[in-house]
Amino acid sequence: MSPPLLKLYELQKHYPLDKGILRKPSRFVHAVDGIDLDIGRGESVGLVGESGCGKTTVGRMLTLLAEPTNGSVAIRSDQLPDHDLTDLDKQDVNRLRRDVQMIFQDPYESLNPRRTIIDAVTEPLRLQDLGSREEQQERGAEMLRLVGLAPPETFAYRFPHELSGGQRQRVAIARALVINPSFVVCDEPTSMLDVSIRISIMQLMRDLAERLGVSYLYITHDLGVARYMCDRIAVMYLGKVVEVARTEDLLANPRHPYTQALVSAVPVPDPTYERPVPDIKGGVSRPVNPAPTCRFIDRCPWADHTCESNDHPPLEQVTSDHRVACYHAR
Amino acid sequence: MTTTATTTTAQAGGQRSTPLLEVDGLTVRYETLRGDVRAIEDVSFAVGDGESLGLVGESGCGKSSVALSLLGLLPKNARVDAGEIRLQGQDLLRLPESQMRKHRWNDIAMVFQGAMNAWNPVYTIFTQIEEALTIHQRGSMTRSEARRRVGDLFELVGLDAQMMDRYPHELSGGMRQRAVIAMALSCDPKVIIADEPTTALDVIVQDRILRQLKRIQSELGMSIIYISHDIAVIAEVADRLAVMYAGGIAEIGASHTVFGHPRHPYSWSLLTSTPSIKGPLRTLSPLAGEPPDLHDPPAGCPFHPRCPMATDRCAAEKPPLELLSSAQASACWYADQVPDPREQEVLR
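From first to last, the protein sequence lines stand for chains Y and W. Residue 192 in this note's numbering sits at position 196 of the first sequence, and the numbers go up by one each step. Each number in this note's numbering comes from the position in the second sequence (counting from 1) with 106 added on.
Since the hints were derived computationally from the structure, they do not count as laboratory data. Glycine included, every Cβ here is placed at the ideal spot set by N, Cα and C. Treat the hints with care, since some could be wrong.
So, partial list: chain Y residues that the calculated Cβ filter (under 7 Å) puts toward chain W [claimed, not checked]:
hint, residue
1, Glu158
2, Ser160
3, Tyr224
Produce the complete structure using the sequences and hints provided.
Right under this line is the structure:
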């Protein structure tokens, strides 16, 4: 196997809760609490979990929008030799932005309402100072065509409010891919779109990934979408990855009790299917100074003395491509 | 079309007896600065006692306008051009507001979408449910009676009774949604309209709330109209469903029948574009184009510009909603040619 494009090692992000000028904060939200994950070249990895599990924070750290508290992210970039994302000077950051891009959830908010579509799409080229103005315009038009906004002339000089939600998300995709990044973080890119539009955006993203060899970290709460979009899925719970496996394997044979509950809670569009009741207690809490036990202990149907007297379990291999963090995983 | 024929499609897949609630030929437009918008066009459906009906469709299809019509809460620029909404035979649309107020909440209550916005942030949950109780229940309830009532309702929806004295922001999203359901149940309505009751919630919370609603329905026996864009949610909770497109009903029938083999290309495409996590992964079929602009709806069948099966006839003539069996009605000239969704190619 070729070496991974990205290697997350013990990645952490803690946010202080009681900020004071003179007082040292004593309580921290452990939003992301030590994550190890590899993402291969051209691979699409899904990051799923309930709201507040830390999945968006991981995305923000990978796109350099949030600084990790601890840990590292190694990227095999075309722009830089093997590099640690967590230890960069300003110039490196700028060069790395050519390699790492982001697509946000809300195409209504991620586009500047006062800039034309072609302006939005070519902005990364201008920021990176790539090519002449004519070349930038040409590349922008090519991207519009590639994302299905053709002919480009009819869209280029419009403003975001003149486009539909689906068309706006196409603009966001064109902008993310215009500088040929090797890695794109997609944070719920289709969750605001109507079903009939959603599929064409998902297919477009898969298509482009294949054609351009881009890797995705696909952040979503929707396992159905993840099934379609991702080669592998990582399930997060309170700042920890509790299970990682190939998509079909994870959905058919979830090993972690949380993944099992999550999988059995997804509605199935078939009225003859009797869905089992998810076996899980309580609700999500906030990981504020979490106790040195398994993170899932309060909600777990299997929790016992082992889970309470030991630290959060490490991710362990159960089959070659399937890792689980549970003392009782079978 | 005769009245009897309309009644039959409205009842497709449902009970034969006189329905509790009948929407008959409802047609509503909104007057806007850009001209009129046809929000609802000739919509008919019936809901029986204790039955649950799903209204499914994408944003702008008219499903929320139907809900507002049922409650008599349409905005001021709305004009009801035709139709009746009959509750136990009485037409609600012709009632003066003072009369309508007696039915609203007492007979038809609503579980609003977005549990946060449904609450006033400066009052406790109890104060707000008590207000609904005192406004809508004739005869004043004492404070302690109201507290007992709200306590019972909280137990019914799976909330700790102490939560009633909290402010909305102190509750989690799931708890707020449960409290919204408790409020809707407060006056023992005959019909509950649940407009996207779980849309902003995580799946595990969604699962619990949907199960709770089903349990309450079987205990109390009221009818529920579920409104959702999510066809998987509708498959799980509704005995029958009506698929709406561009203000009209494209297909209506028993859930088992419609999900088994939809007979309208739009329902087919909703079903084949919803990725399921169970069963083989099949090719998803995207729908071309965008929903129509209802300021200027297309001639003929409103779905024809996006329909893979459309012919010249569809562009010229609008197909009526017609019964295919007692359990299914479709508004498509080629209803018998709609493919079986299980024929979609298996990817893995």
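Looking back at the hints listed earlier, which ones does the structure fail to meet?
1
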